[in-house]
Every structure is written in C-alpha cells, then in structure tokens.
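Okay, here's what each chain looks like letter by letter:
Number of protein chains: 2
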Amino acid sequence: MVPHLITALTGPINELEARMLESTPAIERWFRLEWMEHTPPFYTSVDLRNAGFKLAPVGTNLFPAGFDNLTPEMLPLAVQAAMAAIEKICPEAKNLLLIPGPRTDDGSYLMSLQRLVRVFHQAGLNVRLGSLDAAVQSPTTLSTPDGGALVIEPLLRSRGRLGLKHFDPCTILLNHNLSDGVPQVLQRLHEQYLLPPLHAGWTARRKSNHFKSYEEVAKKFAKLLGMDPWLILPMFGQCGQVDVAERSGLDCVRGHVDALLTKIRRKYKEYGIAEKPFVVVKADSGAEGRGQLTVRDTKELDASGSPVGAWIGGDEGRRRLSEVIIQEGVPTHERVNNAVAEPVVVMIDRYVVGGYYRVNAERGIDENLDAPGARFVPLAFAESNQLPRPGEKPGASAPNRFYMYGVIGRLAMLAASYELEATDPDAENNG
Amino acid sequence: MVPHLITALTGPINELEARMLESTPAIERWFRLEWMEHTPPFYTSVDLRNAGFKLAPVGTNLFPAGFDNLTPEMLPLAVQAAMAAIEKICPEAKNLLLIPGPRTDDGSYLMSLQRLVRVFHQAGLNVRLGSLDAAVQSPTTLSTPDGGALVIEPLLRSRGRLGLKHFDPCTILLNHNLSDGVPQVLQRLHEQYLLPPLHAGWTARRKSNHFKSYEEVAKKFAKLLGMDPWLILPMFGQCGQVDVAERSGLDCVRGHVDALLTKIRRKYKEYGIAEKPFVVVKADSGAEGRGQLTVRDTKELDASGSPVGAWIGGDEGRRRLSEVIIQEGVPTHERVNNAVAEPVVVMIDRYVVGGYYRVNAERGIDENLDAPGARFVPLAFAESNQLPRPGEKPGASAPNRFYMYGVIGRLAMLAASYELEATDPDAENNG
Chain A
1 MVPHLITALT GPINELEARM LESTPAIERW FRLEWMEHTP PFYTSVDLRN
51 AGFKLAPVGT NLFPAGFDNL TPEMLPLAVQ AAMAAIEKIC PEAKNLLLIP
101 GPRTDDGSYL MSLQRLVRVF HQAGLNVRLG SLDAAVQSPT TLSTPDGGAL
151 VIEPLLRSRG RLGLKHFDPC TILLNHNLSD GVPQVLQRLH EQYLLPPLHA
201 GWTARRKSNH FKSYEEVAKK FAKLLGMDPW LILPMFGQCG QVDVAERSGL
251 DCVRGHVDAL LTKIRRKYKE YGIAEKPFVV VKADSGAEGR GQLTVRDTKE
301 LDASGSPVGA WIGGDEGRRR LSEVIIQEGV PTHERVNNAV AEPVVVMIDR
351 YVVGGYYRVN AERGIDENLD APGARFVPLA FAESNQLPRP GEKPGASAPN
401 RFYMYGVIGR LAMLAASYEL EATDPDAENN G
Chain B
1 MVPHLITALT GPINELEARM LESTPAIERW FRLEWMEHTP PFYTSVDLRN
51 AGFKLAPVGT NLFPAGFDNL TPEMLPLAVQ AAMAAIEKIC PEAKNLLLIP
101 GPRTDDGSYL MSLQRLVRVF HQAGLNVRLG SLDAAVQSPT TLSTPDGGAL
151 VIEPLLRSRG RLGLKHFDPC TILLNHNLSD GVPQVLQRLH EQYLLPPLHA
201 GWTARRKSNH FKSYEEVAKK FAKLLGMDPW LILPMFGQCG QVDVAERSGL
251 DCVRGHVDAL LTKIRRKYKE YGIAEKPFVV VKADSGAEGR GQLTVRDTKE
301 LDASGSPVGA WIGGDEGRRR LSEVIIQEGV PTHERVNNAV AEPVVVMIDR
351 YVVGGYYRVN AERGIDENLD APGARFVPLA FAESNQLPRP GEKPGASAPN
401 RFYMYGVIGR LAMLAASYEL EATDPDAENN G
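Going line by line, the protein sequences match chains A and B.
According to the working numbering, the first sequence holds residues 1 to 431 in order.
According to the working numbering, the second sequence holds residues 1 to 431 in order.
Only chain A is shown next, with the shape it has when bound in the complex:
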C-alpha cells in the first residue's frame, strides 16, 4: 500500500532534488543557524504541491490534526521531538492540558488526538483533555473508532491559570484553531505557557502574512542553493477590502488575478512548461478547505453563471470576505492509485516526524483536495524511515523525494516562525 511515485516527475524538481541531496550538510546547518535565532512553532503540518516543475507549500497549519495518519514506525520520532520541545518550554512539567478543536464528533480527529495524548504521555507528561465547548459540564467519555476512549473535561479557570479539576498544568497545548474568535477563558493566561500562542489562531492569523514570510525564507534558501526561488515559492497578492455581498473590492481581486496570470505565464515560458496557468482565490483567514476558487482567466470573475459568479452570489457569498488572498495555483502531479494526491509534512518542534498523502479521487489536479471525498494514505512516508541515498537517480527514490518534502515543509515552518514573530502583539518592535 506504499504509493508509487509517478515517473512523470521530471525536469526542474528532479534537479532540485539532486541539488538538495548534495547540499544536505549545508541545508541542515542553515536550519540549525535559523533555529538559533527563531523559535519553531510547537507543532506544524504543511500541505505541499508537487507540480514536477515546482514544489511549493500551499497551506501551513499550526494546529495540526492527522497524527493518526502517521505510521507506528514514525512514533518514536514524534516522542523524541516532543521530549525536545517540552525540555525547552517547561522541563519540570508534570502535566499537559490539551485543548481539542471542535470536531470531537469526527472519529478520525479523535484518533489523531489519541495519538497526541500517547506521544506526550510517552515523552513524560500526564495529559488530560479540556474542552472549550460550554456543553461539556462534566468529564465526558468519547469513543474512538479503534475501541479506545478519550475523556474530555470542563475547563476550570482561576484568575491567572487554566486547568481541570485537580489538574494544574504547566503548559496548555491548543489543538483548536480559534477560527471563531478567542474565548475569554484563554485570555490573559500569564502564569502558564499557552501554545501555540493566541495570535497563531485564525482569529488573528492571515495567510498573506505567512506567505510574505515564506517569500523571505524561500529567497534566503534559494540563495544558499543558488536556485530560482520560484521553484519553491507560490506567488500571491492580497486584497484587504473585499465585500462580496456588496461586490466591492472586486477590482483589486481582478487586478491581482490578471497580474499573477501574466507572471505565471512568463515563468512557464521561461521553463518551457506546457500547462495552463491558474490562480486560487481564497479567504485570507481560516483553515483550508472552504471557499476556494480556481481561476484560469480574468473573464471568469465577471461571467454570471460561471462557478465564480455562483461563488460570489451563492452559498459562499454569505461569508462577507473582507480579506482575500490570490495565489499562484500549483497543480499536483502526484497520484495514489490514480487519485490526485498531495503530500502533508508533519513536524513537532523543529523536527519532521512523518507525513502522509491527502488523496481525493473526486478532485482535479488544480483543485483543493481538502474537501469532501478526501482520504489519507498513512503509509506514504513509511519508506522515508530510511535515510536519503545520495547517488540514486533523481525522482526514483522515495527517501530522497521525502527528504526534499521535509526540507520544504521545514521552510514553511520557519516562515510560520517569522510570521508569528512579526505579528506578535506583545513584541516590542513590531513592524
């Protein structure tokens, strides 16, 4: 059940893979130096798109789920990384309070939570779950699909601290992306470590900030390797004042779509890529998977009856998108059993602890796969247990390919670190 890498992946990405392999010590040293200056997010997952001619992150999740998709072989790596993370934050810690996201009715999400609990237990913490859901008034047992059980408890807030009954944690780990605002109970917790910090939640976070930081990181990295940053960088534009219902701000969107399509066309020409450029229009805030639009021509934005018209006037229009990001579309040319697939890299602290493929048979190579019909292939990274093998034919070795994915995943994680520094409301010199 290990998916085959498609052999059609040729050209720039294979050259990039070869370059990365021969530069491994330089790359790892570069990361080491970056992590001396910047703090990695507590945990991160990064969605990648491999177009064959280009490999780029398209979404960076600071409250990752999907830990259930990691193979058992990868778990000791996760435990070791968790140990390193805890040691830095609160080495005396006995207790960890984990706050789940809202999807506790989703069996797969519960399995992911269960994995997280096990990883942190094994790393040396008593882990208990506290709910942001006001409906949880007493300890509640949730059954996991594998016959296990998780107990979720009501939060207890005192003046400066958050805990559970008879449970006072040193660190609070959020697995909730706060897309609907920051609950009172999480505010002003100055005596405990709340991770990730509140401004990593989707209430405050903006994709355009992330990709601005990613651009900075990718350019530095490209300089190190002597390569064109575009090979790992999705271009983007941002519009701050779009009101879909009022149809205002659409000129900004149209302008960016037009400019991006032109730029992509130029790059495609430079590299001899015979594909049709496209851009993706999406909300600048919020998790992936909702309200994304694929646009190949500015005209689509005006045509009523087009998907775009339906998007603007229809269901999605009910959300008044005040901020929009317009991003270069990166097609995915990977497939698992004929279904379109994209790799997801999972990290704890600054370490890659595994990954998986998100596969969606109902979607095209230019569409968002994080949508109904998505499933996951947990074994994808199993072979990456082996170390990269210098000397293998580029594109032919799964460990080599996955090393490259791990590098790009870490670049996006480093960008998230830059982003969180730049947007930290408590920072003194905030730009």
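Just so you know, these hints were derived from the structure itself, not from any lab.
As the structure is a prediction and not an experimental result, all values here were calculated from the model.
Be aware that a few hints might be false.
A pair counts as met if it fits within one copy or between any two copies, since identical chains are not told apart.
Okay, derived cross-link-like pairs now, EDC-like style, lysine to aspartate or glutamate, Cα gap no bigger than 16 Å in a straight line [to be verified]:
1) K94 with E22
2) K88 with E37
3) K276 with E300
4) K269 with D180
5) K94 with E34
6) K299 with D243
7) K212 with D258
Let chain A serve as the given structure and place chain B on it in line with the hints.
Relative to the frame of chain A, chain B by itself:
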C-alpha cells in the same frame, strides 16, 4: 527474523515492566530533570543482562560500535538525536572529524563507521575520518563489505587544533577507546571540542567508578519507583593492588568473591530464585571481552588446573592486572534461535536510537558473550518502533520489554555522566 522473547521470563522482571509502563510520565520527567543537571555522554551503548528475576547493565561503552546493527527504520531517530547533540555543542559547526578505533581491518566495524558518517552527514555536517595510526601517511581508501568505501586520512596537528588537510573541524568525535594510552596528538586541544573527553577513554576510566555511579543512579531511580534497587543493580567489589604474576592481592579478590557470593545467595533466597550464584572477575579497566572469569565458589580461585588457575598462571596472566573488579554475575535468560543472547541499547545524546541482540551460540548463560563466536541480530529492536502499549500482558509485548531496556540503558548512561563528572581532571571540586 525478529527474535521471539522467551516466555520463560516471569516473576520480578514482569512486575518491574508493568511498574515502569504505568510510571512512564514520572520516569521520563525524572530523566528530564537529571539531564538538566548532568550532561549525557555524546554516545553510549550499554550491554544488558535479563535474568528474568533481575535486569542489569553489565558494561557501558562510551565509544560504541555496532551502529551497523541498527535497522534502517531506526536511522531517522539517530539523525534527530545527532542534530540535538550538535546543536548543544557547536551549532555553527560545518565539519566533524571522526577518529576511528584500531579495528579498521574489521568489515563490521567499517560498516558501523559508515553508518556514523551517514548519520552525522544527514544531521548537517561534513564528516571526514582521521587516523591515529601512524602508518596512515596519505588518504587511504578502505572498502566496506557492502561495496562502499571509506577514506581515512592522516591527522594534522597545529599548536592548538587538530584537523586534516584542508579540513578544520569544530568538533572531534572519538570512536577509539584509548585503551593503550592517550596519544600526544589528542592532548591539549583547548580550541576544539573533543568528544567523548579523554578521561572517558580506558586509559583513565575504571569500571568500579562507573558502577559506583550506577549504584547511586539505580538507588535514586528505585526510590522513585518504590522498588528494590537490587532488581536493576549488579553488586560489586574492587581490588586495587592485584599482581597476578606475583600472586599478590589475591586475598582481596578472594574476600570480595566470598562476600558477594554470600550476598547474592541471600538475595536469591529472599526472591525464591533457584539458581546457583556466580561472580565475574575482570580487569577494572578496558573494554569487555577479555580476561573475564566466572567464579561460583571461592575454592575455584585456589585450585590449580581449574580455569581460574589457568587464568592466573596462563595466557591472561601475562597482563599484570593491577586493578580488578569483582561483580555479581547476572545470567542471561534470553535466547535468539536457541543461542544465548543479551540486549545492547544504543544511545546518541540522551536518546535511545536503537538496539540489537548480541548472540553467542558457543557460550553459556553465565559467560561473557562478547567473545569469539558472537554475532548480532540487528532486527531485534525493529518492533520497538512502536510505542509501548500499556495494558498488554507483562513480558508478552516486545515494545514494552524494549521500553524497559531503554530505561535501564539510560540509567547506565546517566551513571556514565555522573562518573565522567566525578573523574573530570579539569573539574574544580573533584571528589
């Protein structure tokens, strides 16, 4: 090829396994706090003996080989641990100079070196090999059994630094145990990190110092778990003035053998163990595997014509053993394909990165297996890729058993850390 755990392992060790599993967060936290106060050795391997009624380290190697015995699945763990180690010591490091031991004519040792080179390359260092052998006058290529090659180069010493031609390392990693003294070329290297430090070599190191530290560690740990430290602690005595050729100091040995046999007999009675106690007499310095004697009765020490008599008067006697350690013998009741086996736990920095079984079909359960005929079963720890599973029947689950081995291995590593602190010639308050 995964060896089965023998089902005959019952009694105290299974209780201990259950206790360790339920205490995982407390154990891991305890280690975390210890590592805040003490620096782990750079890398360590620990030979364990599982007697079913007792599980104890019998040898702690600070210049480990055997990295070739780790499964490929374990390598990312080794890389991650190596990254953590480098980051602490010399984060800006580009270059690592690795100094091999003398066994460069041994294919298996070369494979172990090759693994080390790969692990540190992948962790972000340019690794080159420099030889202490004066016969190496120019870069020399050594062929590994898998068809690979390693280049070993002559060392270049300047006033304060050691390197190779066009290669100035930040850190020098010794894989040579210095049992024949500390070469001039390694002395007074105050500008670089030399790891492990010189006093970790067998020129200076004494097993009795190690086991004194281990006793301290084991007692602390036993208190944490509320158990009898003897379950993980081999008792020992030491004689500083034994001259085998002159037959002086043998009274000291006889006295310790007698006292230890009495103490072991008492413990066996307490636990209802129907085995014949034995002690092991060996040099207090030097790697395992040479000149070890198994003694079951003080009389054996006097009988001429006995193996002991032969040892004292014979081949082994040519070494004038000035210092001797007399240690409680721990039989090994593990077998791989009917051959007597003992687990070896391999660690980098403070992390367990794998392990293997040392198997010797020509040896008995009370003998040293590190002897001619020894072979290695690299897959032994493969299943330990999975996390321990609380709730499994004690003694029946390989991951649970290996978790326990990892804990005891780390206790011995922590003891080595105490030992190196206590014996550091540069320390100010050296006891």
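Hints, one by one, checked against the model:
1. Within a single copy, K94 and E22 get their C-alpha atoms only as close as 42 Å, which misses the 16 Å cut-off; across copies the closest is 14 Å, which meets it.
2. Proximity of K88 and E37 under a CA criterion of 16 Å is satisfied in both settings, with 14 Å inside one chain copy and 14 Å between copies.
3. With identical chains, the CA atoms of K276 and E300 are at most 16 Å apart within one copy only, with a shortest distance of 15 Å there and 88 Å across copies.
4. Taking the shortest alpha-carbon separations for K269 and D180, neither the intra-copy value of 43 Å nor the inter-copy value of 67 Å comes in at or below 16 Å.
5. For a Cα distance limit of 16 Å, the shortest separation of K94 from E34 across copies, 14 Å, qualifies, whereas the shortest one inside one copy, 30 Å, does not.
6. Taking the closest pair of Cα atoms, K299 and D243 never come within 16 Å of each other, the shortest separation being 19 Å inside a single copy and 97 Å across copies.
7. Neither within a single protomer nor between protomers do K212 and D258 lie at most 16 Å apart by alpha-carbon distance, with minima of 20 Å and 75 Å respectively.
The structure does not agree with the numbered hints 4, 6, 7 stated previously, though it agrees with the rest.
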